[in-house]
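Colleague: The chain contents come next:
Protein chains: 2
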Amino acid sequence: MNIGTYSYEEYLHLVESFHGSLAPGLIIGGFMVDLALKHLPDGEFFDAICETPACLPDAIQILTPCTIGNGWLTVLNLGRYAVTLYEKYDGAGVRVYLDAKKLEAWPEVRDWYLKLKKKPGQNAERLMAQIKEAGHGLLSLQQVCVESEKIKRKNKGPIGICPRCGEAYPLKDGESCLNCQGETPYKEVTAIATSSY
Amino acid sequence: MNIGTYSYEEYLHLVESFHGSLAPGLIIGGFMVDLALKHLPDGEFFDAICETPACLPDAIQILTPCTIGNGWLTVLNLGRYAVTLYEKYDGAGVRVYLDAKKLEAWPEVRDWYLKLKKKPGQNAERLMAQIKEAGHGLLSLQQVCVESEKIKRKNKGPIGICPRCGEAYPLKDGESCLNCQGETPYKEVTAIATSSY
Numbered sequence: 000m001n002i003g004t005y006s007y008e009e010y011l012h013l014v015e016s017f018h019g020s021l022a023p024g025l026i027i028g029g030f031m032v033d034l035a036l037k038h039l040p041d042g043e044f045f046d047a048i049c050e051t052p053a054c055l056p057d058a059i060q061i062l063t064p065c066t067i068g069n070g071w072l073t074v075l076n077l078g079r080y081a082v083t084l085y086e087k088y089d090g091a092g093v094r095v096y097l098d099a100k101k102l103e104a105w106p107e108v109r110d111w112y113l114k115l116k117k118k119p120g121q122n123a124e125r126l127m128a129q130i131k132e133a134g135h136g137l138l139s140l141q142q143v144c145v146e147s148e149k150i151k152r153k154n155k156g157p158i159g160i161c162p163r164c165g166e167a168y169p170l171k172d173g174e175s176c177l178n179c180q181g182e183t184p185y186k187e188v189t190a191i192a193t194s195s196y
Numbered sequence: 000m001n002i003g004t005y006s007y008e009e010y011l012h013l014v015e016s017f018h019g020s021l022a023p024g025l026i027i028g029g030f031m032v033d034l035a036l037k038h039l040p041d042g043e044f045f046d047a048i049c050e051t052p053a054c055l056p057d058a059i060q061i062l063t064p065c066t067i068g069n070g071w072l073t074v075l076n077l078g079r080y081a082v083t084l085y086e087k088y089d090g091a092g093v094r095v096y097l098d099a100k101k102l103e104a105w106p107e108v109r110d111w112y113l114k115l116k117k118k119p120g121q122n123a124e125r126l127m128a129q130i131k132e133a134g135h136g137l138l139s140l141q142q143v144c145v146e147s148e149k150i151k152r153k154n155k156g157p158i159g160i161c162p163r164c165g166e167a168y169p170l171k172d173g174e175s176c177l178n179c180q181g182e183t184p185y186k187e188v189t190a191i192a193t194s195s196y
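Order-wise, the sequence lines are chains P and G. Under numbering that gives the first Met the number 0, the first residue of the first sequence carries the number 0, and numbering increases by one thereafter. Under numbering that gives the first Met the number 0, the first residue of the second sequence carries the number 0, and numbering increases by one thereafter.
Keep in mind the hints are simulated off the structure, nothing from the lab. All C-beta atoms, glycine included, are put in the ideal place defined by N, C-alpha and C. Check before you lean on any hint, since a few could be wrong.
[Unchecked claim] Using 30 Å as the maximum straight-line C-alpha spacing, the simulated DSS-like pairs for lysine-lysine come out as follows:
id, chain 1, residue 1, chain 2, residue 2
1, G, K37, G, K131
2, P, K131, P, K171
3, P, K153, G, K37
4, P, K117, G, K151
5, G, K37, P, K151
6, G, K116, P, K155
7, G, K131, G, K101
[Unchecked claim] DEER-style ranges, computed between Cβ atoms:
id, chain 1, residue 1, chain 2, residue 2, range
8, G, H12, P, R163, 33 to 43 Å
9, P, E9, G, S175, 37 to 47 Å
10, P, A123, G, T189, 29 to 39 Å
Assemble the whole structure, with the sequences as input and the hints as a guide.
Modeller: This is the structure we're talking about:
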């Protein structure tokens, strides 16, 4: 049993090293990406859409060239456990999703995924065993056509210096950067003197 | 010269392997994360904020335990080239940013970062050499306090089955999943018969 170009055990090691823990969603995610890779549409380049920020983006980043930082992976928060790999020019792609109808055969996976059991009642070992045994059996596939324009990352355009914080920012954001317009996640900011580093 | 726990050359290899190319922003990003790690506030756990989706998230994912999928990395699109590592409980953190005032000493970096030269006029070799020579010299540091509540990923809450697509989704999203409410990136969706995989 392989996941992408890795053995199952190699993949588990990569997950632990990159994601920090053997999250069940990332093991299922490995099978999902593997299945999508096996049904890739023709074309030289593909991009990825992940329909949830939870776990699954890391399976994509481990198993494909698509990452957040290189822009080939787009994370949408649609709340569905699904990944799409698609040809970036014509949008033709394959979507793999965790199929709720296929969960009945795997009760431990069903109870975990649909949150039918609280954590203390879950059996982690049985959950992992069922995930491994089920493999692609939890999944279904769709052909999709992606509206690339809807999710394409916009070009930053010309760069200026924010008159408030003094940092560079895309001028299209307005007369100051978005942070200084109020979208800041910080409540206190203090400079650290250069001499101390 | 080290970047995190890696030698400069090891880091370049990791960048090529994960990000797919030696993007200048990812080399600067390596120095940024390295500087932030050296000024981490006390505390057992830290999370990361990246103020741009371009390149920098990958330096964070390569050099720290924080990834998109495990939720310890939050990407905000504030348009500034900055990373913050902060203690997740009290919000105390360190912010490292590319300091526009320090660019004057490194004209090739300045022209690339502020888009003063078009790509054909850039000298990639000189750019990379200046980035390496400058190292932390392009950067400044701030102490910050993060409003964790503003950026915390919300708990999904109870899970239901979408009456339209039949997939599981967080019930708090409404009577159907967000995809079926119209936020779909797909214009065509066709099932692929199970027998074919």
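Colleague: Output the indices of the hints that this structure fails to meet, ascending.
Modeller: 2, 3, 5
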